[in-house]
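**Student:** Each chain is listed here by its residues.
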Amino acid sequence: MVDGQRVVMIVDDDEPVRKATRRLVKSFGFVVETFASAEDFLGSDRLDKTSCLILDVKMPGMSGIELQRHLIASDCRIPIVFVTGFADDRMHSEAMQAGAVGVLLKPFREDDLLDCLHLALKQNNLNGSNSVHHTPGIATET
Amino acid sequence: MRDMGSAVSAFLSEQDYMPHGMCFLWQPELISLHATSDALIAISYYSMPIALAYFLLKRTDFVFRGIFVLSALFILACGTTHVMGIWTLWRPDYWLDGGIKLITAVVSIGTAFAMWRVMPLALALPSTRQLEQANGALQSEMGERRRAEQALRMANDELERRVAERTASLEDEVRQRRRTEQTLRASEERWRSMFEASAVGIALTDKHRRFVAANEAFQRMTGYAIEELRSLGPVEITHEDDREATREALDEALAGRRRDYHVEKRYVRKDGTAIWVRVSTARAPDLNSELEGIPSIVEDITERKHAEDALHAARDALVRVSRLTTMGELSTSIAHEINQPLAAIAANSSACRRLLAGATPDLDEAREMVDDISTDAVRASEVIRRIRGIVKNAAPDRAPVDINHALKEVLALARHEIHRQNVSVQTNLHSGLQPVQADRIQLQQVVLNLVMNAIDAMRTITDRTHVLTISSRLDDQANILVSVEDTGAGLDPGAREHIFDTFFTTKANGLGMGLSISNSIVRAHGGHLWAETGSSFGAVFRFTLPAMPQPATTEAFGG
Chain A
1 MVDGQRVVMI
11 VDDDEPVRKA
21 TRRLVKSFGF
31 VVETFASAED
41 FLGSDRLDKT
51 SCLILDVKMP
61 GMSGIELQRH
71 LIASDCRIPI
81 VFVTGFADDR
91 MHSEAMQAGA
101 VGVLLKPFRE
111 DDLLDCLHLA
121 LKQNNLNGSN
131 SVHHTPGIAT
141 ET
Chain B
1 MRDMGSAVSA
11 FLSEQDYMPH
21 GMCFLWQPEL
31 ISLHATSDAL
41 IAISYYSMPI
51 ALAYFLLKRT
61 DFVFRGIFVL
71 SALFILACGT
81 THVMGIWTLW
91 RPDYWLDGGI
101 KLITAVVSIG
111 TAFAMWRVMP
121 LALALPSTRQ
131 LEQANGALQS
141 EMGERRRAEQ
151 ALRMANDELE
161 RRVAERTASL
171 EDEVRQRRRT
181 EQTLRASEER
191 WRSMFEASAV
201 GIALTDKHRR
211 FVAANEAFQR
221 MTGYAIEELR
231 SLGPVEITHE
241 DDREATREAL
251 DEALAGRRRD
261 YHVEKRYVRK
271 DGTAIWVRVS
281 TARAPDLNSE
291 LEGIPSIVED
301 ITERKHAEDA
311 LHAARDALVR
321 VSRLTTMGEL
331 STSIAHEINQ
341 PLAAIAANSS
351 ACRRLLAGAT
361 PDLDEAREMV
371 DDISTDAVRA
381 SEVIRRIRGI
391 VKNAAPDRAP
401 VDINHALKEV
411 LALARHEIHR
421 QNVSVQTNLH
431 SGLQPVQADR
441 IQLQQVVLNL
451 VMNAIDAMRT
461 ITDRTHVLTI
471 SSRLDDQANI
481 LVSVEDTGAG
491 LDPGAREHIF
501 DTFFTTKANG
511 LGMGLSISNS
521 IVRAHGGHLW
531 AETGSSFGAV
541 FRFTLPAMPQ
551 PATTEAFGG
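Chains A and B, in that order, are what the protein sequence lines are.
Oh and the first sequence: position 1 is 1 in my numbering, straight run, nothing missing.
Oh and the second sequence: position 373 is 373 in my numbering, straight run, nothing missing.
Do not take every clue at face value.
For each label pair, taking beta carbons as the anchor points, the in silico distance ranges come out as [stated by the list, open to error]:
hint, chain 1, residue 1, chain 2, residue 2, range
1, A, Asn125, B, Thr375, 34 to 40 Å
2, B, His405, A, Arg46, 42 to 48 Å
3, A, Asp88, B, Val378, 23 to 29 Å
4, A, Leu126, B, His405, 54 to 60 Å
5, A, Arg46, B, Arg496, 39 to 45 Å
Capping the alpha-carbon separation at 25 Å, the derived lysine to any residue pairs in SDA-like fashion look like this [claimed, not checked]:
hint, chain 1, residue 1, chain 2, residue 2
6, B, Lys305, B, Met327
7, B, Lys392, B, Ala377
8, B, Lys392, A, Phe86
9, A, Lys19, B, Asn422
10, A, Lys26, B, Met548
In case anyone wonders, no lab produced these hints; they're calculated from the structure.
We treat Cβ as the ideally placed atom computed from N, Cα and C, and that holds for glycine.
The whole structure should be built from the sequences, with the hints applied where relevant.
**Tutor:** So, in structure tokens, the structure goes:
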């Protein structure tokens with residue numbers, strides 16, 4: 001990765017989905033990095049380079065929603081686009097209320113993802129750079 | 001008198017001789033000796049005929065009376081000669097004396113002659129001892145005879161007593177027999193009335209497999225009158241599908257190989273409609289006995305059969321619904337599991353299309369994407385196939401099932417749910433187990449239900465790892481034993497008694513159907529389902545299924 005470049009991060013436990021999503025986002029012209037779990041992402045040093053997070057909801061260990069809560073609690077305002085395999089109204093509204101850019105139902109359409117990404121990047125530009133006040137404790141555990 | 005006396009005296013008075021005493025010179029001593037001796041001899045001789053007369057008088061039976069009379073005369077004569085001896089001492093009447101001696105001689109000779117005559121007879125006469133012996137023998141014989149007579153009399157008495165006794169007992173027997181006959185007649189009447197009035201059908205079948213008797217209920221049930229039934233038999237009125245079994249059972253009963261049998265089968269009524277009946281042959285009597293034919297009790301169980309069929313259908317439906325309910329609980333996971341490959345397919349195809357739209361597309365990368373699409377399509381179809389395998393609306397059908405294969409399929413189906421609930425799975429499947437004769441779908445439904453319960457039981461556990469352990473092995477009775485163990489909250493002792501009850505649930509959103517239905521499925525397969533407390537935490541549910549004798553032949557899943 002080129003240092004300082006804005007990067008779209010994908011966190012999904014399902015390897016084929018992660019790989020396919022990465023190809024698609026890359027085809028949009030974004031720089032992409034992938035993580036197999038929320039813990040892996042938090043444990044990396046890439047949080048401040050993240051301009052948008054494509055986050056799976058259901059994952060073993062820390063779920064997507066828990067990661068969102070954790071980031072908010074850490075005052076880390078990365079725009080998040082949720083992708084989920086199963087529609088859950090409660091989860092949907094919770095994610096949106098917490099400031100998610102969008103919740104996409106798998107399988108999602110490329111235009112919907114692209115729209116969400118544009119929206120996220122616009123939001124990210126308004127926010128400026130992600131401010132990380134402290135490293136989440138969980139990172140040390142992974 | 002004087003003349004006569006003078007004649008005698010003339011005879012006697014030839015007194016020319018001298019008295020005999022003269023010869024003794026009249027010596028008084030010699031005269032006394034002769035006179036006294038002759039007197040004593042004469043007295044003795046005269047007493048003897050008296051004794052003999054007395055003897056003969058007493059012993060009238062005496063045989064030799066003549067001899068005795070002769071002897072008496074002879075002795076009398078001898079006595080007289082001695083008297084004459086005394087007489088001639090003083091009076092010389094030697095002529096008289098000689099005459100008397102002559103008479104004595106004649107009598108002596110007669111007596112001697114007679115004695116010799118009777119000697120053989122006298123010798124032949126038994127002696128007193130012989131007579132005593134004979135008498136003794138006679139006595140003992142008489143005693144013997146008396147005893148024999150007594151024994152005979154006693155035997156006779158005994159015989160009479162026995163005859164009397166036997167007569168009495170015969171009379172008693174006759175009375176008893178009469179009573180028995182009365183009782184029998186009453187019993188016969190009672191049975192006959194029961195036979196006639198019975199609500200269940202009763203029929204008698206003879207050795208030619210023909211009905212010989214049938215009551216009203218049986219005639220009503222079959223629609224045939226007794227006259228028609230006499231030309232029919234149990235085989236003829238039985239539904240063709242059950243006829244062979246009926247024929248065999250009847251043959252066995254007639255051959256005496258079977259004392260009784262109970263069977264549920266179908267009859268075809270005269271009007272052609274089929275009815276379900278339960279036939280009970282309580283006793284197949286000896287064909288040589290007077291009881292004619294095999295009696296059968298026949299109940300019309302058509303309504304019960306229909307109710308049973310309805311119950312079975314309802315149960316099957318319930319089992320299916322319960323299965324779908326369980327699958328419904330899995331739906332989040334299933335949807336997720338299908339949407340994962342679909343999402344990958346959609347993303348890959350979009351990416352590929354965008355790639356190909358470029359000026360110089362990297363075809364290798366495009367090919368790689370298409371390969372991934374293909375792989376994910378297979379992945380999605382696998383999930384669908386697994387679901388279809390368990391939710392398909394097939395009628396229950398039993399076939400040999402490899403238990404380990406069935407368990408693995410269930411784990412694959414619940415894989416995502418297990419994954420999602422942070423449960424780790426341990427399998428301990430014994431290889432080379434015999435197959436079980438089972439409806440695979442229902443069997444997997446039981447396992448899935450137990451797995452889902454186990455996952456659910458561990459949902460709230462935060463202080464230990466969630467471990468689901470599935471094992472299979474042979475138990476002591478050579479049954480297949482399957483165990484599903486969790487590290488959840490365990491079983492509440494109060495709830496444990498009721499966990500298999502219908503509508504009993506400890507879950508907030510549970511229906512209380514899963515375990516009840518699982519239990520009924522296992523039981524219907526000849527097995528047993530029970531719960532125990534887990535080895536460290538949680539609960540373990542175990543069930544057994546009878547193993548089939550032959551080695552496992554893997555049955556394909558789904559289809």
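**Student:** Check the following: the C-beta atoms of Asp88 (chain A) and Val378 (chain B) are separated by a distance inside 23 to 29 Å.
**Tutor:** Taking Cβ atoms as reference, Asp88 (chain A) and Val378 (chain B) lie about 28 Å apart, which means the hint holds.
**Student:** If you draw a straight line from the CA of Lys392 (chain B) to the CA of Ala377 (chain B), is it 25 Å or shorter?
**Tutor:** 21 Å, holds
**Student:** Tell me if the straight-line CA distance from Lys19 (chain A) to Asn422 (chain B) falls inside 25 Å.
**Tutor:** At roughly 24 Å apart (the allowed maximum being 25 Å), Asn422 (chain B) and Lys19 (chain A) satisfy the hint.
**Student:** If I claimed the Cβ atoms of Leu126 (chain A) and His405 (chain B) lie 54 to 60 Å apart, would that claim hold in this structure?
**Tutor:** 57 Å, holds
**Student:** With a cut-off of 25 Å on the C-alpha distance, tell me whether Lys26 (chain A) and Met548 (chain B) pass.
**Tutor:** 58 Å, violated
**Student:** Confirm or reject the claim that Arg46 (chain A) and Arg496 (chain B) have a C-beta distance inside 39 to 45 Å.
**Tutor:** Roughly 52 Å apart at Cβ, these two residues miss the hinted range, so it is violated.
**Student:** Can you confirm whether the C-alpha distance between Lys392 (chain B) and Phe86 (chain A) stays at or below 25 Å?
**Tutor:** OK: Lys392 (chain B) and Phe86 (chain A) at ~23 Å, within 25 Å.
**Student:** Could you grab the alpha-carbon distance between Lys305 (chain B) and Met327 (chain B) and see if it respects the 25 Å cut-off?
**Tutor:** 32 Å, violated
**Student:** For the range 34 to 40 Å, tell me whether the beta carbons of Asn125 (chain A) and Thr375 (chain B) fit it or not.
**Tutor:** Holds, since Asn125 (chain A) and Thr375 (chain B) (Cβ atoms, about 38 Å apart) stay within the stated range.
**Student:** Using the Cβ atoms, figure out if His405 (chain B) sits within 42 to 48 Å of Arg46 (chain A).
**Tutor:** Hint holds: Cβ distance 45 Å, inside 42 to 48 Å.
When the structure is compared with the earlier hints, violations turn up for hints 5, 6 and 10 and for no others.
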